[in-house]
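A.B. asks: Sequence:
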Amino acid sequence: MIIIRKKLLVICAAIGLLISAIQAPAQDASSKPMLTIAISSVQELADDVGYLAKLAEIPGIDEQIPGIIQGIGAGLDTTKPIGAVVQAKGIGIEVIGFIPVTNFDVALALLEGSLGPAQDAGDGVYSLQTPLVPIFLKHSGNYAYIAQAKEQLADLPADPVKLLGGLEKQYDFPLQGNLQAVPELYLNLIETQLKTGVELGLQPLPGETDEAYELRRQVTQAQMEQLMTMINEIDSLTIGLSIDRAAKNVHLDFAVTAVEGSNLARQSADLADMETAFSGFLPEDAAISMNITQKIAEEDVAATELLLQSLVTNAATELDNDPGLDSAQRAALKKVLEDSIMVLTDTLKAGKIDGAASVSFEGSKLVAVGGIKVVDGKKLDAALQEVLRLAAEEPGAPSIKLNVDTHKGVSFHSLSVAVPPGVSEYEQVFGESLEVVLGASDTGLYFGVGQNSLATVKTAIDASSEGKIVPTMQLSMSVTKLVKFAAGIAPDLPPEGSQLIQKIAGLTGDDKISITAEPIPSGQRVRIQLDEVAIQAIGVAGQGALSLQQADPFGF
Numbered sequence: 003m004i005i006i007r008k009k010l011l012v013i014c015a016a017i018g019l020l021i022s023a024i025q026a027p028a029q030d031a032s033s034k035p036m037l038t039i040a041i042s043s044v045q046e047l048a049d050d051v052g053y054l055a056k057l058a059e060i061p062g063i064d065e066q067i068p069g070i071i072q073g074i075g076a077g078l079d080t081t082k083p084i085g086a087v088v089q090a091k092g093i094g095i096e097v098i099g100f101i102p103v104t105n106f107d108v109a110l111a112l113l114e115g116s117l118g119p120a121q122d123a124g125d126g127v128y129s130l131q132t133p134l135v136p137i138f139l140k141h142s143g144n145y146a147y148i149a150q151a152k153e154q155l156a157d158l159p160a161d162p163v164k165l166l167g168g169l170e171k172q173y174d175f176p177l178q179g180n181l182q183a184v185p186e187l188y189l190n191l192i193e194t195q196l197k198t199g200v201e202l203g204l205q206p207l208p209g210e211t212d213e214a215y216e217l218r219r220q221v222t223q224a225q226m227e228q229l230m231t232m233i234n235e236i237d238s239l240t241i242g243l244s245i246d247r248a249a250k251n252v253h254l255d256f257a258v259t260a261v262e263g264s265n266l267a268r269q270s271a272d273l274a275d276m277e278t279a280f281s282g283f284l285p286e287d288a289a290i291s292m293n294i295t296q297k298i299a300e301e302d303v304a305a306t307e308l309l310l311q312s313l314v315t316n317a318a319t320e321l322d323n324d325p326g327l328d329s330a331q332r333a334a335l336k337k338v339l340e341d342s343i344m345v346l347t348d349t350l351k352a353g354k355i356d357g358a359a360s361v362s363f364e365g366s367k368l369v370a371v372g373g374i375k376v377v378d379g380k381k382l383d384a385a386l387q388e389v390l391r392l393a394a395e396e397p398g399a400p401s402i403k404l405n406v407d408t409h410k411g412v413s414f415h416s417l418s419v420a421v422p423p424g425v426s427e428y429e430q431v432f433g434e435s436l437e438v439v440l441g442a443s444d445t446g447l448y449f450g451v452g453q454n455s456l457a458t459v460k461t462a463i464d465a466s467s468e469g470k471i472v473p474t475m476q477l478s479m480s481v482t483k484l485v486k487f488a489a490g491i492a493p494d495l496p497p498e499g500s501q502l503i504q505k506i507a508g509l510t511g512d513d514k515i516s517i518t519a520e521p522i523p524s525g526q527r528v529r530i531q532l533d534e535v536a537i538q539a540i541g542v543a544g545q546g547a548l549s550l551q552q553a554d555p556f557g558f
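The numbering of the sequence shown is the working numbering, which starts it at 3 and goes up by one.
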């Protein structure tokens, strides 16, 4: 238990060394910290570990936690947050860490057991030598403060938790950087270094045409300008991990907020949840579903258009240099390429991306369908048909049929690819052949993969007649559905493996692993979330796999 206490205190002390070599001169840029790091509390983390251990069916952990907490509690207040902040102060940068204590002398004694005797530096400050650099500690109120210099401990806050800005209440482990608090000197240095690097890299490549080089130069400069705009207009970047026992999930957030009144703030305001025209492609019972539905800023359209022009130029050069193409094929492919890029560019200029797709299982059979908004889809359909005609002329080409069906203005084409003989898993999933359908209308492009995929796409189109409000971006996967599907196509398993899969497949409740982009005030947050049953399934699978390995370490 003493070893645990020592290691925890050493880790806490190391907070003050996270940015250990930043004593360079700086200009005072903001009253906000440049960087904030926090731990909600030792007790909260212990409760979270117990919760996860119980879900994962790891025996004994939750019973051991109270004893561990009791041992750690000698000297520490396990109910309060631990934190550290990096701040610009006059001509320097300060790193201050703080740890809640109930008995500073006991906590200091434990640190001395690991780092050696503390030296009295005067004014209530003690110094300790770590493997890297010396640190200084001072007891004030209910906290032990840690810094890199004695002078940094002269004026301490009465309540250091306020420095965390509430992050300790939102997450178990938050980290937040405030770009506008970074001294202008450093931002200018970053900009200079980036520009120098870009200029050095912007040299003509061997064999590169003048047109290709000029496009590459314009694309690179546009990307550079976008990057510098982001540096100047991003207010904060936050990464936060939360084990949310009340909501029964674990989530990891990546959040960005913009400077008020900036172009980025204006763009962020347009990232609200929107209505999709492809709601039928997001059935509730899908094993996997995803959508992207959001407005596109004019600045992004211009930059993307440059990039697309560069891609067309490079692809055309590759076609010209391909000895396997005759002049007719080369001309046809160039026309297809140009028309496809034109449709894509016009779609982006329309100011909105809207698309959805899903994967569903019926026993061991898989069907995937999707749709995306396009402008002038008939032009894209003509390009698509030309590609399919060229593909059909190749030796060993799959069976290709054009205009096999129409539905609500959508023209469909099909491909049938024979499944390799002797591969039973492929046959279980797709049947004797892999069926693919492609469709296009004036306003949309559609696809389907798997048996009866044409009928499934048509059903999804019909179900999309009523709009649905969706996040700007979301990917969702059902763990139990994926496990059931895997069990259906897996080769013969030992009894223990079958029992494990049956146990996971029988779990009930929220079982999603999801990635969701959602608006927040002046910004956007991307959340990776594991629901309770997904956590339980992963834990049970891990424990089961470990048991199987221990029972049969050589896999026989």
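One or more of the hints may lead you astray.
[Stated by the list, open to error] Simulated pairs of lysine-lysine, DSSO-like, Cα-Cα distance not exceeding 30 Å:
1) K470 <-> K375
2) K34 <-> K91
3) K351 <-> K297
4) K152 <-> K164
5) K297 <-> K410
Since the hints were made in silico from the structure, they are not lab data.
A.B. asks: Any hints from earlier that this structure breaks? Give me their numbers in increasing order, please.
C.D. replies: none
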